[in-house]
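Chemist: Taken in sequence, the protein lines are chains A and B.
Using our numbering, the first residue of the first sequence is number 9, and each one after it goes up by one.
Using our numbering, the first residue of the second sequence is number 6, and each one after it goes up by one.
These are computed hints drawn from the structure, not numbers from a lab.
For glycine and all other residues, C-beta sits at the position ideal for the given N, C-alpha and C.
Among the clues, some could well be false.
[To be verified] Cβ-to-Cβ under 7 Å is the rule here; a few derived chain B residues that face chain A:
hint	residue
1	R155
2	K184
3	D185
4	R186
5	G187
6	S254
7	W354
8	A357
9	P358
[Unchecked claim] Pairs of lysine to aspartate or glutamate, EDC-like flavour, derived with a Cα cap of 20 Å:
hint	chain 1	residue 1	chain 2	residue 2
10	B	K432	B	D411
11	B	K421	A	D93
12	B	K277	B	D200
13	B	K85	B	D142
14	B	K278	B	D165
15	B	K82	A	D93
16	A	K47	B	E359
17	A	K47	B	E258
18	B	K421	A	E97
19	B	K79	A	E90
20	B	K184	A	E90
21	B	K85	A	E97
22	B	K135	B	D411
23	B	K263	A	E46
24	A	K47	B	E267
25	B	K82	A	D95
26	B	K393	A	D56
27	A	K145	A	D76
28	B	K131	B	D167
29	B	K184	A	D107
30	B	K79	A	E97
31	B	K152	A	E90
32	B	K263	A	D56
33	B	K79	A	D93
34	B	K421	A	D95
35	B	K82	A	E97
36	B	K79	A	D95
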Amino acid sequence: MIIGCLFCCVPLLAQVKTKAKPRHVAGLALVGGKGIYEKYCLTCHQADGSGVPNMNPPLIRTSYVLGDRTRLIKVVLNGFSESVDIDGESYSNEMPSHDFLKDQEIAAVLTYIRKSFTNKAGPITTAQVKTVRATNKKKTT
Amino acid sequence: MKSKLFRLMMTLTAFAVSITLYALKPVGDVVPDADNAGLKLPDGFGALKVAETAAKARHLVVTPQGDIYVKLAKPNKEGKGILVLHEAPNGKAELKSSFGSYGGTEVALKNGYLYASSNTEVFKYKVNDKNEVINPDQPEKIVTGLKAGRQHETKSFALDNDGNIYVNIGAWFNACQEKDRGLHSPGIPGCPILDSMGGVWQFRTDKLNQSYGNGVRYATGLRNMVGMDWNQQDNQLFVMQHGRDNLNSSWPELYTTKQSAELPAECLYALKKGDNAGWPFMYYDQIQHKKILAPEYGGDGKKEADAKYIDPTVAYPGHMAPNGLLFYTGNQFPAKYKNGAFIAFHGSWNRAPEPQAGYFVVFQPFKNGKPEGNWEVFADGFSGSPEKTAAGRADHRPCGLAQGSDGSLYVTDDSKGTIYRIIYTKK
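Looking at chain B on its own, in the form it has when it is part of the complex:
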């Protein structure tokens, strides 16, 4: 009886919230595609394909004027690494211009500048009052000379409210082994590369040509991060680490293929200056709920790691490759989404021979800057079918996330280059 009453109250509340949100929503002509762009979404949401860029679209940012800056993993045929699309009133966008001769992943807009990174440098471009880049061929180089290997080379970043930029410098190893990804290959003692990679470095946005000597190693023991965002509610950096691979193929006596598919967790970390998340000496086991000593450094799948390493804020199943993280601050979606996190999971490969997983956008509820409640799949269907997901042969792979000024959620696909926009349509 009590639960019935509770449900009724919740329904009424939800109804009231919906009415309020509808009233807040700007009137527009944006309509979802008939098939919701092929996506499976919660009730009341719709989606449209904003554009097909046919490029490896990584991260993106959307301006209030309807321009979309898209960072490409590598320059397109015209040699440009940043696309500028412009949205028509119906939500469909066309290419307006392109610039930047470098590939990379990150792009962000803040306080009159567009920021973008190559795999070794970070640039900023002054924008006018319409958020248009004034001199696309003359960026200011704020960070330079960052190390980049053949894996984990992308330089995602996040911006705080005090003029700092937090740059991912991914480790060029899987687990800092003497022979990378090798069978029974031990860890390099102390993993000395942590002096210049495997962490987050803090630089200033108002200084030019900074490199290791000018920056601060803000947090270490982080293998690689692609999704990073600044949480405005508790004024803190959050990152999604890409967890290590190859537990079974390097240590078949310690891990079954099934364990190796699930482990280790893909971790959301809330970072403070000086934090150490423990890579490569440990990984987080989301099934045992423990920090486990890495097999390269004497672990056996059970021995616990040094307690000095920080715990994840949330631990997700392994290998799903979190490439986008966005705290939702908009008013278009129902109240439960406000200040929660959206995470774009690019999809796994290292789960084979077990079925692959991911290729979806997850919603993680938050309250007062802390996760509260279980995560749920928010947008699925990017891969094209459950069979394509299991085989890892996805049609589209979600990568970057952005919030429009009206509260729409944008998602990039770095496989075929589709730009999606998810809107709340329920009245």
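In isolation and in its complexed conformation, chain A is listed as follows:
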């Protein structure tokens, strides 16, 4: 497990090439996020984040992951039950709500996916998750 994390984080940190302090903080979030990803996300989105054709969308370089943070946080809180088209492929499996995860865990796992699988997007903070959860209106469908 520890070895796995090291292998994962080292190249990522090497890529980031930022100052020492932010690198350290991002590294911690990535480590926690990876564990949450493996526990709750990997079965559907796969180890490499590439998803499953026709069913589970990829997490690699899609606007859902890299774009609007609020929308991304809401996907985790509410689940996702719309068919999406990404690069001409449609994905239609049901994603259940993961609102049982703590704000900090959601921030960690989203930061992890935004910085993994060749993604290079900024982190999601616990405060951002907290704000979205407070105003989150669950869809009735």
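We have chain A; now place chain B onto it with these hints.
Modeler: Positioned in the frame of chain A, the structure of chain B alone reads:
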């Protein structure tokens, strides 16, 4: 000594059978591709790529005149959902025409009609004496208004010899939970959707515009079926169920990721009218050889389910996604294949983080309409490499099966759209 003698006798028998089969085989110019189309096959078999359709080729049917009807999961760029290919004498086929504005999975040919389904309806098209569709734009709608969700929406079907059609209506849930695929989400009491999905419905092929009110719920408790075939030897419907997912992700305290990768079995069922296979209340555990109560309905991985649910005919490892089922009635292949079942396993995803499995065509021996002997992998290599199989990143994914009039076995790939033909070449 005895076993040596037995082996010798078997070899001689096999030799005699081979000679006979060779004599029966029609003389043709069909030759396997130099690399057998990238497939790994038993000794004596070869394969060729008949066509590259670059479409999500689901099921197919091959006519004695060398036309191949291919049903596409969704309409292609030209807006057509059924391709008609025509084979040259060397076995390579080119696009002849296309029709049907709907996506779907199933296509079949029987008694002067081509049958095809969308995800909510079943159509039939009259064919001429060359098995060509006469009016491709004017099908007769025999079944309509079937429910289709965002999962398990395809309507595979099988035809019997008495004018009935058996249609899969897959359940739009994984396990009928209050929150589909949710953590610790319990089952909806009684799973009321079973009144209109999660089973096989029987309709007539000679009546139009039938829906739930006109059909019979022939068998229930079946989550979803893509591979279905009518067994001519014992005149019975056989189906391959897609077993449930997410045992570990919904119930991590009850199932390890390893158990969740193996369980539950992908089951072959022989169905009779009124049968109940038990979904979502149970699943079949092929390791314990037991029907186990589903965790959504009070199960713990050990408690057994009500004995009233039928047993599978054969149970295969979990999540391999059986998308094609075909009873082989041809004479081209060696005798052991006659009346046995070929099953196309599309390949798994829900085994992660364990390695994925499937992406091959299996042969299940049968004798007198009953399975006899162990299944074996018949055609492998669709994925491109063992690493691609393990990662679930297959180049090709076997889906539909069809038998040619000369006894060749055709396989579709719904990832890149390759049509394969497997032939027996040994002399």
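Chemist: Starting from K184(B), check that the Cα of D107(A) is at most 20 Å away, please.
Modeler: OK: K184(B) and D107(A) at ~12 Å, within 20 Å.
Chemist: For a C-alpha distance cap of 20 Å, please report whether K135(B) and D411(B) respect it.
Modeler: holds, 16 Å
Chemist: For K393(B) and D56(A), compute the direct alpha-carbon distance and say whether it is at most 20 Å.
Modeler: holds, 12 Å
Chemist: Holds or violated: are the alpha carbons of K79(B) and E97(A) at most 20 Å from each other?
Modeler: holds, 11 Å
Chemist: Quickly compare the C-alpha distance for K85(B) and E97(A) to 20 Å and report which way the hint goes.
Modeler: Roughly 17 Å between the alpha carbons, so the hint for K85(B) and E97(A) holds.
Chemist: When you check the alpha-carbon spacing of K432(B) and D411(B), does it fall within 20 Å?
Modeler: holds, 16 Å
Chemist: Is the interface hint satisfied for D185(B)? The criterion is a beta-carbon contact with chain A at less than 7 Å.
Modeler: This interface hint holds because 4 Å falls under the 7 Å limit.
Chemist: Within 20 Å, alpha carbon to alpha carbon, are K85(B) and D142(B)?
Modeler: holds, 11 Å
Chemist: Check whether the Cα positions of K79(B) and D95(A) lie no farther apart than 20 Å.
Modeler: Since the Cα atoms of K79(B) and D95(A) sit roughly 15 Å apart, the hinted pair holds (cutoff 20 Å).
Chemist: Is the Cα-Cα distance between K82(B) and E97(A) 20 Å or less?
Modeler: The given pair, whose Cα atoms are some 13 Å apart, holds under the 20 Å limit.
Chemist: Please verify that hint: S254(B), Cβ, nearest Cβ of chain A, below 7 Å or not.
Modeler: holds, 5 Å
Chemist: Sort out whether E46(A) lies within 20 Å of K263(B), counting only the CA atoms.
Modeler: holds, 14 Å
Comparing the model with each earlier hint shows no violations; every hint is respected.
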